[in-house]
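Student: Residues per chain are reported as follows:
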Amino acid sequence: MINKVVSGAEEAIKDISDGATLMLGGFGLCGIPENCINALVSKQVKNLTCISNNAGVDDFGIGLMLKQRQVKKMISSYVGENAEFERQLLSGELEVELIPQGTLATRCLAAGYGMPAIFTPAGVGTEVAEGKEVRNFDGKDYLMEYAFDADFAIVKAWKGDTAGNLIFRSTSRNFNPVMAMAGKVTIAEVEELVEAGKLDPDYIHTPGIYVHRIFQGKDYEKRIEQRTVRKSGV
Amino acid sequence: MFSKEEIAQRIAKEIKDGYYVNLGIGIPTLVANYIPKGINVVLQSENGLLGMGPFPFEGEEDADLINAGKQTITTLPGSSIFDSAMSFGMIRAQKVDLTILGAMEVSETGDIANWKIPGKMVKGMGGAMDLVASAKNIIVAMQHINKAGESKLLPKCTLPLTGVKCIKKIVTELAVLDILPEGGFKLLERAPGVSIEFIQQSTAGRLIVEGEIPEMKLD
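Those sequence lines, one after another, are chains A and B. If you count the first sequence from 1, position 43 lands on 1415 in our numbering, and the numbers rise without skipping. If you count the second sequence from 1, position 63 lands on 563 in our numbering, and the numbers rise without skipping.
The hints are simulated quantities; they were obtained by calculation from the structure and are not laboratory data. Heads up, the beta-carbon is just placed ideally off N, CA and C, and yes, glycines get one too. Just so you know, not all the hints are guaranteed correct.
EDC-like, lysine to aspartate or glutamate: derived pairs with alpha carbons at most 16 angstroms apart [to be verified]:
#1 1531(A) with 1567(A)
#2 1531(A) with 678(B)
#3 616(B) with 1458(A)
Covered stretches of chain A (chain B as the covering partner; in silico rule of three or more C-beta atoms under 8 angstroms from a C-beta of chain B) [said to hold, decoys possible]:
#4 1457-1465
#5 1475-1485
#6 1591-1598
Not close to chain B: a few residues of chain A, all C-beta gaps over 10 angstroms, as computed [claimed, not checked]:
#7 1388
#8 1489
#9 1499
#10 1503
#11 1521
#12 1581
#13 1588
Please work from the sequences and hints to get the whole structure.
Tutor: Structure below.
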């Protein structure tokens, strides 16, 4: 087995430099690569283009990178939870491209499947369609959307092995597997790293061929964005 | 006039046994509380879950288990979890039977605007454009008139569109309406105590009234 293990987040991101295009897994704050984000904040790389469904909150996730003005452009579907983001957007410091969530996911999928583009009806007849090729199949219009081209994909998994195989947990799976397939270089941080052979091949979500670097992360905060509960005993 | 809960309650009557349903944020979320007893319905959350259960009991929240509104939730027996591409794949392939979402404006030709107000901070469309472009069956839960009394059911949307010619049914605080394939809001039911005249004056788009219009029933 090819060993993909690196020592930690610092080593995993060491060749990410100014101007890089990054994919970052997660939905809201669920399943985000906390360790790599913190390492990118410490490294202070700048002018990044970040492809991520959301942009974190002010003091967590991608919000930490925004606070240090490390992000030049965000490509996301929903970004409403971040005051600093709003300030930078309105002042023109930050460029934002909003795209439909399914389009975002499927453009990742296309990159991982070696397909240059996809056709989707999402956004037909709206401002999302501006400048895009429209094709009609069976009487319905579809937009042509290109596969993403990202220098690095950074994902978070629950378990991984030294060969780079990944297993995700619950809805923290979200964008992680499709982004893992889509990066020219894919970095995976996992809660638990085991020897190759310890994970059942039938239960692997992302095969190690897509993963270039893997490490066991530490001190996961796993912050909850909307804590909703029901009273017990009702 | 109907409250938000009553709009949700009325929409829930449209849900049939065996449906896979996607509920948007806001009034649509409330629909889950009124699903008729004795029928089997599976709720889809587009971040990657089929079989969404109720909120967890206090102390049992799991940061890895949330819905599309980023709220902590639970799974149910028979639930499944998948990635975001598959989630929108099943939406695009029309495996989801019913989508219920909110709107700021709907036009008499079935266009919907619900993601952007020019001049205000734009949060993004999330999954709304994918849902309206693909779903075969969409019900919009919305306010008929805004706080200033102006109609939100228009000849043509004024806000940036989320999708075109995709809405067929609307439930508001005043009425249940279908949008006809040839255009126009066809009045089907009115909220208790609301007159056809009031619905007429609250609907800027073309309203079609034919025959007796019964009051909405919730039971």
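Student: A separate judgement is required for each hint: does it hold in the structure or not?
Tutor: Going through the hints against the structure:
Distance hint between residue 1531(A) and residue 1567(A) is fulfilled; the C-alpha atoms sit about 11 angstroms from each other, no more than 16 angstroms. Taking the CA atoms of residue 1531(A) and residue 678(B), the gap is about 49 angstroms. The hint is violated against a cut of 16 angstroms. The hinted pair formed by residue 616(B) and residue 1458(A) meets the criterion: a straight-line CA distance of about 14 angstroms does not exceed 16 angstroms. Under a criterion of three residues with beta carbons nearer than 8 angstroms to beta carbons of chain B, the stated coverage of the stretch 1457-1465 of chain A is upheld, 3 such residues being counted.
Counting residues of the stretch 1475-1485 of chain A whose CB lies closer than 8 angstroms to any CB of chain B gives 6, which reaches the minimum of 3, so the coverage claim holds. Chain B is given as covering the stretch 1591-1598 of chain A, and this holds because 5 residues of the stretch bring a CB closer than 8 angstroms to a CB of that chain, at least three being needed. Its beta-carbon lying about 23 angstroms from the closest one in chain B, residue 1388(A) satisfies the requirement of being farther than 10 angstroms from that chain. With a closest Cβ-Cβ approach of about 15 angstroms to chain B, residue 1489(A) is found to remain outside the 10 angstroms limit, as its non-interface label requires.
Interface exclusion of residue 1499(A) from chain B breaks down, the closest Cβ pair being 6 angstroms apart, not more than 10 angstroms. Against chain B, the non-interface label of residue 1503(A) holds: every CB pair exceeds 10 angstroms, the least being about 16 angstroms. No beta-carbon of chain B comes within 10 angstroms of the beta-carbon of residue 1521(A); the shortest separation is about 17 angstroms. Look at residue 1581(A): its CB is around 17 angstroms from the nearest CB on chain B, clear of 10 angstroms, so calling it non-interface holds up.
Look at residue 1588(A): its CB is around 17 angstroms from the nearest CB on chain B, clear of 10 angstroms, so calling it non-interface holds up.
The structure is inconsistent with the numbered hints 2 and 9, although it conforms to all the rest.
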